[in-house]
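Novice: Just so you know, the sequences run in chain order A and B. Sequence positions in the first sequence follow this note's numbering and run 8 to 322. Sequence positions in the second sequence follow this note's numbering and run 88 to 338.
Calculated from the structure, these hints are not laboratory results. This one's a predicted model, so the numbers in the text were calculated from it and none came from an experiment. Using N, Cα and C, we set each Cβ at its ideal position, and we do this for glycine too. A couple of the hints might just be wrong.
[What the hints assert, rightly or not] One-sided and incomplete, this derived list gives chain A residues near chain B with beta-carbon spacing under 7 angstroms:
id: 1; residue: A63
id: 2; residue: R82
id: 3; residue: W182
id: 4; residue: F184
The residues making up each chain are set out below.
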Amino acid sequence: MSARYAVEARDVHKRYGAVRALAGVTLEVEEGEFFGLLGPNGAGKTTLISALGGLAIADSGTLRVMGHDVRSDYRAARVCVGIVPQEIVFDPFFTVRETLEFQSGYFGLRSNGAWIDELIERLALTPKANANMRSLSGGMKRRVMVAQALVHRPPVIVLDEPTAGVDVELRQTLWSFIRGLNEAGHTILLTTHYLEEAQQLCARIAMMKDGRIIALDSTARLLAAFSGRVLRVKLLRGPLPEMLAADAVEDPAGGWRIPIADMAEVERALARLREAGAAIESLEVTEPELEQVFVKIMSLDNARLRGEEPVPFPP
Amino acid sequence: MRGFPTLLRKELARFWKVAFQTVAAPVVSALLYLLVFAHALAGRVQAFPGVSYVEFLIPGLAMMAMLQNAFANSSSSLIQSKITGNIVFILLPPLAPAEVFLAYLLAAVARGMVVGLGVFAATLWIVPVPLHHPVWAIAFALVGSALLGTLGIIAGVWSEKFDQLAAFQNFLVMPLTFLAGVFYSVRTLPPFWREVSRLNPFFYAVDGFRYGFFGQSDIEPGVSLAFATGDFAVLSLLTLHLLSRGWKLRH
């Protein structure tokens, strides 16, 4: 057997009728990684996660969690993974604590009270521990789902858009909690539409589109290859001086964005603005953003699909 | 069998928490049938020699309530979980298909038994029914509830919407339980309908159950038990097969 990965996908295919949800996905996530799975809606992220947890059955290919095949060795595979599904779902018959006790029991854990208490406390659910699930806010239900995925202390934790619809404060609590789990050795696989979050949290990223992985690399290398620093300029009045206008693009938020390679270029740009007598309203240098990487990779793939040019993939 | 006891406990808690709806309501329905039919038909129908119509009716109504509620328990639990989406919490843990099957089955049987006992408790003050062969009565109560509990699992897994389940209930379970000889002895039917009744798998459960009380039945109880158990075995194997394949549950 090859080296054991936390998650391993080999040429996984899945069709829903005419829709090709997964078209040959190959992916390895190492133990202890904080891994991001990004892509537009319908890219196949949730299908891949469903197949990992046995909610969907792949048509072909193999999927392993901690070396256990999700079909032939499903019991061991499911013990190793905790999945937080994307949709908020709950059983309206039970309280928060009952929900967690039942979930624990499904994994064969009978005396798990201490860990359940800890989960309730760390996810700030203590005041609602004995309240019916129905009475909880959306964000709280989401945190119960996180706790449900963690009752059996799985080495691999999969979060499918865990912060959708969750307010800023809760998001911070959740991330510091998840980061703590990662530091304690848990492998985290995350999908999110908030690319800043992915950029801050994930050491490695795969981008999916139309059921395929179209980019897979460390976050740092993706940023270096596809994004750069940008000088954002807003003028009080008048157009951008011609010498700068060639490289600049209009910023949807107002003003212009000028790509810059290094700080010397910032100096040059400023000198030109001064020469042209432009009155500057605001000026900032933005660091590389994953959002740019995402947009660029998606549009490169679209171009490739139209047969326009070969895609320069990152090293 | 690690997760099975918990899933069973959860399924029992689910119906017990709303016992007013899941136990009291069917007991009241059975009582209403008893009052109306006993009033309308007493004296006109002689089912078994030496057994009054009201007495005859009570085990039949109890069995009908057991069958319908065993079916309702597993089918409604599954459809609710599927529609609200919380079925994922049962699909994600390492529960074997047999564990899922047994948990839903035993909870359905438990609900059937509780409802059956409720019907007898409620009718005790009207007419106490004799109990000649309790072992036969218990055996048929268990097999009948198990048969319908299993059918409920299939219906719950198959249905994608509440109206599909309602169709299953209204066009299959209701007619078959109503026409299972609950209100009459099939001996009183014309020969053709007597033969048709024998094709109804629920008929054997009702008839055999009644044997436990009066020591008389339309069919030899051993034969009825063999039929009911055989039907249950076939449906169980089918259910296990469907659950192992993840039919309608795992895409």
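Novice: Now, for every hint given, state plainly whether the structure supports it.
Specialist: Hints versus structure:
no. : hint : verdict
1   : A63  : holds (4 angstroms)
2   : R82  : holds (4 angstroms)
3   : W182 : violated (23 angstroms)
4   : F184 : violated (20 angstroms)
Checked against the numbered hints given earlier, the structure breaks hints 3, 4 and satisfies all the rest.
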